[in-house]
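Asker: Given next are the chains, with one letter for each unit.
Number of protein chains: 2
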Amino acid sequence: MWHYEPPLRDMRYVIEDVLGLPAQWARLPAFAELDADTAQQVLGEAAKFARDVLAPTNAGGDLEGCHWADGEVLTPKGFREAYRAFVDAGWPALACAPEHGGQGLPQVLNAALFEMLVAANHAWTMYPGLLHGAYECLHAHASPELKAAYLGKVVSGEWLATMCLTEAQAGSDLGLLKSRAEPQADGSFRLHGNKIFISGGEHDLTDNIVHLVLARLPDAPVGSKGISLFVAPKFLPDGSRNALRCDGIEKKMGIKGSATCVMSLEGATGWLVGEPNRGLAAMFAMMNSARLHVAMQGLAHAENAHQNALRYAQERLQSRAAVRPEGAPAASADPIVMHPALRRTLLRQRVLVEGARLVAYETAHSLDVSEQSPDAAERALAHDDVSLLTPVLKAFFTDNGFQIASDALQVFGGHGYIHDWGIEQCVRDSRIAMIYEGTNQIQAIDLLVRKVVPDGGLKFGALLDRLAAGLPPGGLHSPAAREAIAALREATLQTASAARADPELAWRVADDFLRAAGLVLIVQAWARAAEVSSRTEFAGDAFHRAKRDTAQHCFAYVLPELGHALRMVAAGREALAYLPASG
Amino acid sequence: MWHYEPPLRDMRYVIEDVLGLPAQWARLPAFAELDADTAQQVLGEAAKFARDVLAPTNAGGDLEGCHWADGEVLTPKGFREAYRAFVDAGWPALACAPEHGGQGLPQVLNAALFEMLVAANHAWTMYPGLLHGAYECLHAHASPELKAAYLGKVVSGEWLATMCLTEAQAGSDLGLLKSRAEPQADGSFRLHGNKIFISGGEHDLTDNIVHLVLARLPDAPVGSKGISLFVAPKFLPDGSRNALRCDGIEKKMGIKGSATCVMSLEGATGWLVGEPNRGLAAMFAMMNSARLHVAMQGLAHAENAHQNALRYAQERLQSRAAVRPEGAPAASADPIVMHPALRRTLLRQRVLVEGARLVAYETAHSLDVSEQSPDAAERALAHDDVSLLTPVLKAFFTDNGFQIASDALQVFGGHGYIHDWGIEQCVRDSRIAMIYEGTNQIQAIDLLVRKVVPDGGLKFGALLDRLAAGLPPGGLHSPAAREAIAALREATLQTASAARADPELAWRVADDFLRAAGLVLIVQAWARAAEVSSRTEFAGDAFHRAKRDTAQHCFAYVLPELGHALRMVAAGREALAYLPASG
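These protein sequence lines are chains A and B, in that order.
The numbering of the first sequence is our numbering, which starts it at 9 and goes up by one.
The numbering of the second sequence is our numbering, which starts it at 9 and goes up by one.
Wrong hints could be hidden among the right ones.
[Said to hold, decoys possible] Which stretches of chain B does chain A cover? Using the computed rule of at least three CB atoms under 8 angstroms from a CB of chain A, they are:
(1) 180–189
(2) 533–541
[Claimed, not checked] Distance ranges between label pairs, derived from CB positions:
(3) A:Gly68 to B:Asp215: 35 to 41 angstroms
(4) B:Glu582 to A:Pro382: 45 to 51 angstroms
(5) B:Pro333 to A:Ala31: 52 to 58 angstroms
(6) A:Leu16 to B:Arg581: 32 to 38 angstroms
(7) A:Glu582 to B:Asp45: 52 to 58 angstroms
(8) A:Glu166 to B:Glu334: 56 to 62 angstroms
(9) B:Arg332 to A:Gln502: 49 to 55 angstroms
(10) B:Pro333 to A:Gln192: 45 to 51 angstroms
(11) B:Phe551 to A:Glu582: 18 to 24 angstroms
(12) A:Asp25 to B:Glu582: 54 to 60 angstroms
Treat the hints as calculated values from the structure; they're not laboratory data.
For glycine and all other residues, C-beta sits at the position ideal for the given N, C-alpha and C.
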């Protein structure tokens, strides 16, 4: 049956053996006192919480779902207790600044924490999942008075937060939103409007809820340049109930323990955060970390699905393998992990799961460098990298998370379709991450149309050069990885150049281009991991032998997917028909 | 909101314009009196039943599910009434022989009927979905007494049927099954054992249920050669309750209105069907039509998903398109069907949906030819084709059905994740078809390992030659289709030859090989459809222009997927690591 075992050994391998982060932290004043053992201790405690406290609430939360009545929402059995334990242990404050009550630990540890939380219970993790984003948004844009009122409560997790963006007619296109804000004499605003898809818009986990709301000021410009950001708490500072309410919750495919709320603002009191009409910019300031957070969800589901499929395949006996490994005991049926089709599935999962972990943690570290490096040029470079990598990780990891979950379900055969085994829930829960925080198609447009083509591929090309420079000289797989990077570099230049004459080209090929970029990151990661695991000191260790086998699989069986993605980018030169615009 | 409109226009296009089936029926004595208008009338009535009677029970059946108590199962609201209407209209008898009360219509019309039923309500269709298979099995193997007792009831649909195969330890590997049959003095048997995953093992739709049960006779050989087939009704001919019962139903990812039963046989009375120890062979006699039936499920979900995604994309306004089509009205936001990423998604769906319909109906017609042609050589050739095509259609169509459903969900953005819009149910319901009736991995092994490699690719090569010969001479896309067929032919010969030295090779590359075969069928179908829709008489017709556009998309954007599948077949020459056989 379903079980989640946090992959601490692999996390340590990535953080210490491959990325050497402890030495990196020593270079950053904010983390200079953090050593490898402390980091491992933090992750070890997080693993215990995820496995022992949170995971037991996962299947029940899915079956029970949330309960709405009369504007109030009850979360599933066990969610409140798990949240209390989470706050008591100080987890919300992990990566917040010490001056606001945070622990000031690196983003990479926060990423690993959230990887474990999502794998253990994605629905539950939706509630604290927005805390760090709300913290960053208020930290960067709120007035000192608002900071004093809200920041501490958010850092501690005593109050949870929401992002009230979407409206029925305004999803991917927030420029269409209609909620309005009326200025009041006391400097506050009255908010009116209807919001949908508000995660944690109402619940019973905390005494108050801090809503970040997008709305229009009177006479604001039309479109996305006329949107302002407000903070509107469920309970006002005087203790009275604010004029906003939850009108219902959605019946969803998955993450059923997360209350997805329809909210109405009926003259709710709110205060402006940041500049008038600059609300989208304030929101987008926290977008990189929010999207990396969703990327971790893709990785979390992939890890969860893979480890459960592997355990099942090791236990389930059906038919004899086509060719049995040397030394396999005589048997009328073999564990299905021996069957070639399942080895293909499971090895490909490993390539994408463990490779993604390396890429994700390295990117989270770049986020730390972009914020904490004493060297301005290094901060700027890291910022550029994160900006380019964020949409790739969000879309590529979440696409893979869902596909790996579905492939894992297939390993279970008929049992995979049954709720008891947990894997079908993983498929359903993982599906949302391809949609929210900007659909994966929007991510691809963000990457290619907004960030790569405008400068002719200059910054992205420089990132690829750094990836090539990071390959181990003389590494077994370095030549193949170098060729892969060069192929993407060439496709980047060609696309950027052809896009000048064909204004739709980049839009047509954006998804394939993003997928190619994701595969290049994976390939580059495995070339490095293979080199680390080939060190003499690791020769007899099964963990490192598995790493070498997985790297081999990456280059023999997964690398061809890059060739296909690039050929699809080339195919995108062909015209693309319009379908009829009405039925 | 969700709506299913049976694609009668496309069905007619395939049956009449492309395949010219009415002229083919005239050559087969069994269907000599069937004309195009009668066939259209049958499909028109089926469409009304599917759209107006069945589809309204789909969403509610998913939310309500089945109810089990004390061995009895209640189906969701409306299922009984829909089943009564189905039986009263004579639909179960559509493709059964007239001498047993059937209507004697071609399999191709039965395939179209079931395409519509599944699209309207997959869960409900599970109940009558096994009727035709049970009919074929009893028709081919049962004694005259058993036929007299059961065949008429099954043909009319008055009694429903099950296939009691799977046991907890015996799924893909039926050789491991343990249920046993004790011979009785009166020629009957007492059946003992436990079965799982029995679709419709218990329900309230019919007064009696006819179970086809696999079990072992005393002293039967071990493995799959010691399995016999029995018929065991819920109520015995004397009206008493047989000693078998439903111990529970499964909570599943989808098709929740279908009761998936745990059954116990507690000395149930049964009668042998066919020869002792030849039960698997008797079951497999109906496997081609059962697997084609599942292939139609993949097509049904793909059609359902595509048409709903297209309607949503035509109505939903978000952002302006990158490049707007000529004549598009001024607007601050365009229908999302204009956005390139969604045109890619929707056009690819059309290629795979409409191409699959052509391939499926042609294969169903081959099944008719294999049974009804007066020419023995033609029957044998058609039988070979069906035998080779069945696993391809089962796996390729159901893989596509799920992927197209998930891609359609993405078109809906956040709304796709909400139950109200119907598309997330389509994703969940479609997932099972990749698993049952032999997982898609088993289909791939059936194709390559069992049917292609053993004769060195001879029969499969001959099928490919017939596909090439069927291309329209001088057709716009014929050269590209011919090249695609030739590439698969070459890969077939190379794989069959290399498999002699590498006994695991065919197992490693089976999934990719099957996918390549599926793509070649689609490509060949579109080369023909494009030629038909390019006829002068169709020049001004929007339906045929869309066909030409879709064919263009097939060759520009989908054909490269074949190249990738074939490169993956080549990549399969590389060694494939074993994973540890225990945790």
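Asker: Now look at each hint and say whether the structure bears it out.
Answerer: Here is how each hint holds up against the structure:
For the region 180–189 of chain B, the assignment as covered by chain A holds, since 4 residues bring a beta-carbon within under 8 angstroms of that chain's beta-carbons and 3 suffice. Given a C-beta distance limit of less than 8 angstroms, the hint that chain A covers the region 533–541 of chain B is violated, as 0 residues qualify and 3 are needed. The hint said 35 to 41 angstroms for the Cβ distance between A:Gly68 and B:Asp215, and at roughly 39 angstroms that hint holds. At about 47 angstroms, the CB distance of B:Glu582 to A:Pro382 agrees with the hint of 45 to 51 angstroms.
Taken as a hint, the range 52 to 58 angstroms holds for the pair B:Pro333 and A:Ala31, whose Cβ atoms sit roughly 56 angstroms apart. Restraint check, A:Leu16 to B:Arg581: a C-beta distance of roughly 37 angstroms satisfies the suggested window 32 to 38 angstroms. Between A:Glu582 and B:Asp45 the beta carbon distance is about 40 angstroms. The supplied range of 52 to 58 angstroms is therefore violated. Against the hinted window of 56 to 62 angstroms, the Cβ-Cβ separation of A:Glu166 and B:Glu334 comes to about 58 angstroms, which satisfies the hint.
Taken as a hint, the range 49 to 55 angstroms is violated for the pair B:Arg332 and A:Gln502, whose Cβ atoms sit roughly 26 angstroms apart. A hinted range of 45 to 51 angstroms holds for the C-beta pair B:Pro333 and A:Gln192, which are about 46 angstroms apart. Between B:Phe551 and A:Glu582 the Cβ separation comes to about 23 angstroms, which falls inside the hinted range of 18 to 24 angstroms. One distance hint, 54 to 60 angstroms for the beta-carbon pair A:Asp25 and B:Glu582, is violated here, with the actual separation near 26 angstroms.
The structure shown violates the earlier hints numbered 2, 7, 9 and 12.
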